[in-house]
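These protein sequence lines map, in sequence, to chains A and B. Last residue of the first sequence: 376 (our numbering), numbering continuous. Last residue of the second sequence: 402 (our numbering), numbering continuous.
Read the hints as simulated data drawn from the structure, not as lab findings. Take the hints with a grain of salt, since some may be wrong.
[To be verified] Here are the simulated DSBU-like pairs of lysine-lysine, each with C-alpha atoms no more than 30 Å apart in a straight line:
#  : chain 1 : residue 1 : chain 2 : residue 2
1  : B       : 238       : B       : 141
2  : B       : 238       : B       : 193
3  : B       : 238       : B       : 110
4  : A       : 261       : A       : 323
5  : B       : 397       : A       : 323
6  : A       : 258       : B       : 397
7  : A       : 348       : A       : 258
8  : B       : 110       : B       : 193
9  : A       : 348       : A       : 323
10 : B       : 141       : B       : 110
11 : B       : 193       : B       : 141
12 : A       : 258       : B       : 238
13 : A       : 323       : B       : 262
14 : A       : 261       : B       : 397
15 : A       : 323       : A       : 258
16 : A       : 323       : A       : 13
17 : A       : 13        : A       : 258
18 : B       : 141       : B       : 397
19 : A       : 13        : B       : 397
20 : A       : 348       : B       : 397
21 : B       : 74        : B       : 262
[What the hints assert, rightly or not] Stretch-level coverage of chain A by chain B, calculated; a stretch enters the list once three of its residues show a Cβ under 8 Å from a Cβ in chain B:
#  : region
22 : 273 to 286
23 : 291 to 302
[Claimed, not checked] Footprint (simulated), chain B over chain A, 3 or more residues, beta carbon under 8 Å:
#  : region
24 : 3 to 12
25 : 247 to 259
None of these values were measured; they are calculated from a predicted model. Quick reminder that beta carbons are idealized off the backbone N, C-alpha and C, glycines included.
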Amino acid sequence: MELSLTPEQAALKDSVRRLCERDYGFEHRRGLLRSPEGFSRDLWATFAELGWTGAGLSEADFGYGGGPVEMAIVQEEMGRALVVEPYLSCVVVAATAIAALGDADQKERLLSGVVGGETLIALAHNEVAMRGDDAAVTTTATQGPYGWHLNGRKGFVLGGPSADILLVSAQTPGGISLFQVSAEAAGIEITAYHAVDGRRVAEIALNDVQVGPEALIGPEGGALPGIERAVDHGIIGLMAECVGAMDAALWLTRDYLKTRKQFGTTLNSFQALQHRMADMLVETELARSMLMAGVAALSDPDPAARRAGVSAAKVQISEAAIKVTAEAIQLHGGIGVTEEYVVGHFYKRAVLARGLFGGIDRHLERFAAHGLRDVA
Amino acid sequence: MNFTLAPEDATFQAEMRTLIRDLLPEDIARRGRRGFHATHDDIRDWMRILNARGLAATHWPAEHGGTDWSPLRKHLFQVELRAAGAPVPDQAALELVGPVIYTFGDAAQKARYLPEILNGDTFWCQGFSEPNAGSDLASLKTSAVRHGDHYVVNGQKTWTSEAHKADMMFALVRTDAEARPQAGISFLLIDMKSPGVSVRPIYTINEGLSVNEVFFDDVRVPVENRVGEENRGWGYAKFLLTNERTMSAETPYTAFDLAMVKDLARREIRGGRPVIEDPLFATRLARFEIELMALQAAVYRVLHMAEDDPALNATASVLKLRGSELRQRIADLAIEALGDHGLAVFPDVEGQDNMDVQAPVPPAPDHAAGWLSRAMFRRATTIYGGANEIQRTIVAKSVLGL
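Please construct the entire structure, taking both the sequences and the accompanying hints into account.
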């Protein structure tokens, strides 16, 4: 066990934080959210130049030799700045799915495209009826003379509107399979909409979309373990964003209480508020501790143990994020609920984090099913 | 960064697990799994078994009879002690006064008291709180007036854990009434058999005896029993209370409690199936497990922090605040899981700390014994060691700078 960051990891953290502080001010972000695509392609190119798009990938996967720790470092800092670029959907989720399931050619083409910043990929796995049950795929792929025919409807696909390539999960005779599909393919209909935190999501209708046999990523019928692995990385990435957002909301509120005057004194002199701030710090520190356990769980060789550890992190951290960011709004008073002030936007990210990839009940259920069997 | 236990540490933990299971007598372990305070005899016998192996105070420095294990290994040893159901040792001695003596005591004090503590020969109690000095400890009034080579002590301590069993007390006494409150306090070691010391039990809502009032009426204490300098006792107490707060995370105890709740939830039946198979109960249990995982992760962070790490206080406060609350809530969950069995008073039939009027043994299964007592006594966990409101104020001021 070694809990300090290596010099390289510390440099990565510093690099992301400094760029976000310099180029990712709240007004800049508001402008991005009003743009058609909802994020900055220029910044995305900068992320790639700085190596962030390959930070969590091993060298065999065309990255820079990092892993879950590096991924979480980048995501925590992006959560602090409420970054809206499709890092989570493309670099964390989709790239993990390819790394887990792709053959050598697919990895080289797709992953080097992600790391280089040229290709945006999204995992089009979720269907709104799934509610966190990754096996509940209803989209189908049937085999024709020249390949596969995909039919179905994917929903709330994070990063879907801007993706060049979609990784579509579908039921095939052997089980669940994964296909790479061009976002431009005939029969694909993408409806973009906005998630609560401003990030863009897509409803994707697949109407007899035809792909060749080479579109299959991983074994026919055997893609679910790789998809689950990708979703688990996504959950921990999202929880790292939560820790960054909580920490930022906590200290922003601290500064506000020290300057805002009412009844002739600054708010920090009121013990009722001091104690609520102390509880916010406790939640944040506990979430930060749990994130370390969650990051470690991603490397657990037993998939069931990995999933249980990830579910535990999801419950603990996303609920803490809701508590802390909601308290941050409350302690700010009226300004906290305005669109033009940042604190409410931390809460919005927490709301997304609580629900995305399955809600609290789903993850409690999954954890209980694993954890309680353990002691029987 | 790597949050996984290194293979050599995992091996160490497994070895300690085997060793403790081999050393711990079965009847002591059985009593340890019940929710009552361990008996004086069980604690002493167990201390001597550990001491014979040099394991009585593994968290102390090696030169004073401890070990040179890493903080992580010291913690892992505690985890295995608790998991085995070993009796809780004399914490006042091992966690509190022992470190003060080996850090601030003179050679004679170290030579006399430390071996006695390690061998379970001397039991200790902490004389800090007074009727009007609880969370506001520095307002304590018990006085010690110097007469030649003795102090004469007068006053009253209260909430004194285990005073009725203790051979010695370490006490904060006022040696300068004129100085500002923190500057006139000294740290004395008082023999409980001294003339003028009287102990009155305070029965707590668990129908047991663990805390007492202690009265001092012209008690003569040799000057050689003062630790460190006169009027510098507040500094030694602060050192000790820092230890107490870290200790208060108590996650190994909490883990043991939770394992016991799982066990009883497999035995208790509701609606024709074990309570643990009820999805509503299982999800509540899952929440506790998850929170315990987060606390354990926080413990690992504290264990790996340098003593001057600015984040140390924040994380240690997390442990105290949330750890104490979690222990209360787990005991409450057990009471609920037990149904009617959880509501029946069990006397501590093998114990030495029963109330003067003892309830009869109820017609309920043995796995229910002790839980009501635990749940009642747990109300104290958010009060002792500095009430949680004090902890919140400390966090707000020292960590958040409010």
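Quick rundown of the hints versus the structure:
1. B:238 with B:141: Holds: residue 238 of chain B and residue 141 of chain B sit about 18 Å apart, inside 30 Å.
2. B:238 with B:193: holds (27 Å)
3. B:238 with B:110: holds (20 Å)
4. A:261 with A:323: holds (25 Å)
5. B:397 with A:323: Holds, at roughly 21 Å.
6. A:258 with B:397: Cα-Cα ~12 Å, so holds.
7. A:348 with A:258: holds (25 Å)
8. B:110 with B:193: holds (21 Å)
9. A:348 with A:323: holds (12 Å)
10. B:141 with B:110: Holds. Residue 141 of chain B to residue 110 of chain B sits at ~28 Å (cutoff 30 Å).
11. B:193 with B:141: This hinted pair holds, its Cα atoms lying about 22 Å apart.
12. A:258 with B:238: holds (28 Å)
13. A:323 with B:262: It holds: about 28 Å lies between the C-alpha atoms, which stays within 30 Å.
14. A:261 with B:397: holds (18 Å)
15. A:323 with A:258: Between residue 323 of chain A and residue 258 of chain A the Cα gap is close to 21 Å, so the pair holds against 30 Å.
16. A:323 with A:13: holds (26 Å)
17. A:13 with A:258: At roughly 28 Å apart (the allowed maximum being 30 Å), residue 258 of chain A and residue 13 of chain A satisfy the hint.
18. B:141 with B:397: Holds: residue 141 of chain B and residue 397 of chain B sit about 27 Å apart, inside 30 Å.
19. A:13 with B:397: Distance ~28 Å between residue 13 of chain A and residue 397 of chain B Cα, so the pair holds.
20. A:348 with B:397: Holds, at roughly 29 Å.
21. B:74 with B:262: Distance ~26 Å between residue 74 of chain B and residue 262 of chain B Cα, so the pair holds.
22. 273 to 286: holds (count 10)
23. 291 to 302: holds (count 5)
24. 3 to 12: The restraint on the region 3 to 12 of chain A holds, since 5 of its residues have a Cβ under 8 Å from chain B and three suffice.
25. 247 to 259: holds (count 3)
Against the hints set out earlier in the document, no violation occurs for any number.
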